[in-house]
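Take the sequences, apply the hints, and build the full model.
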Amino acid sequence: MFWVELDGTDGALGEHVTLPFPSETAFDAAIDWYNSTPKKEQITYCSKALWPRRLDLDDPSDAGRLVPYWADLSMAVYAWQQADSKMIEVLGLIHADARQSLSEPA
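So for the sequence shown, my numbering puts the first residue at 1; every next one is plus one.
Just so you know, the hints here were simulated from the structure itself, not pulled from any lab data.
Note that CB positions come from ideal geometry on N, CA and C, so glycine has one too.
Where hints are given, some of them may not hold.
What the hints assert, rightly or not - Label-pair distances were calculated between CB atoms; the ranges are:
(1) 25 / 63: 34 to 40 angstroms
(2) 24 / 65: 28 to 34 angstroms
(3) 23 / 63: 33 to 39 angstroms
(4) 5 / 35: 16 to 22 angstroms
(5) 35 / 65: 19 to 25 angstroms
(6) 41 / 86: 22 to 28 angstroms
(7) 58 / 35: 22 to 28 angstroms
(8) 82 / 61: 29 to 35 angstroms
(9) 84 / 5: 20 to 26 angstroms
(10) 63 / 28: 30 to 36 angstroms
(11) 32 / 96: 25 to 31 angstroms
Okay, here's the thing in structure tokens:
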């Protein structure tokens, strides 16, 4: 497994939050996917990853914005969809915890 620190989580959460990737190779492939896929398509891809539930990338503390680590999360979702889609549930739990922390007062 390869772990990546989420962008924008240190100040909001008081500690660094990391996401697992299947491997460093999977992380590199996810970066290639991120660089070649429009933002809107990435958001749609994530929202359908936990169907019928939605993986919500909206920032709960700032309407109209995405969570600061949305790109990292979308790459992790892509990587695990290729390797083992059951792990997306784990990403959803990590994201729910981080997203909740963003909505709490500092």
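Status of each hint after checking the structure:
1. Our hint of 34 to 40 angstroms for residue 25 and residue 63 holds, since their Cβ atoms are close to 38 angstroms apart.
2. Look at residue 24 against residue 65: about 30 angstroms separates their beta carbons, and that is inside 28 to 34 angstroms.
3. Restraint check, residue 23 to residue 63: a C-beta distance of roughly 37 angstroms satisfies the suggested window 33 to 39 angstroms.
4. The supplied range of 16 to 22 angstroms is met by residue 5 and residue 35, whose beta-carbon atoms lie about 19 angstroms from each other.
5. The hinted range of 19 to 25 angstroms is satisfied by residue 35 and residue 65, whose Cβ atoms lie roughly 22 angstroms apart.
6. One distance hint, 22 to 28 angstroms for the beta-carbon pair residue 41 and residue 86, holds here, with the actual separation near 23 angstroms.
7. Against the hinted window of 22 to 28 angstroms, the Cβ-Cβ separation of residue 58 and residue 35 comes to about 23 angstroms, which satisfies the hint.
8. Between residue 82 and residue 61 the Cβ separation comes to about 32 angstroms, which falls inside the hinted range of 29 to 35 angstroms.
9. Taken as a hint, the range 20 to 26 angstroms holds for the pair residue 84 and residue 5, whose Cβ atoms sit roughly 22 angstroms apart.
10. The beta-carbon spacing between residue 63 and residue 28, approximately 34 angstroms, falls within the hinted interval of 30 to 36 angstroms.
11. Between residue 32 and residue 96 the C-beta distance comes to about 27 angstroms, which sits within the given range of 25 to 31 angstroms.
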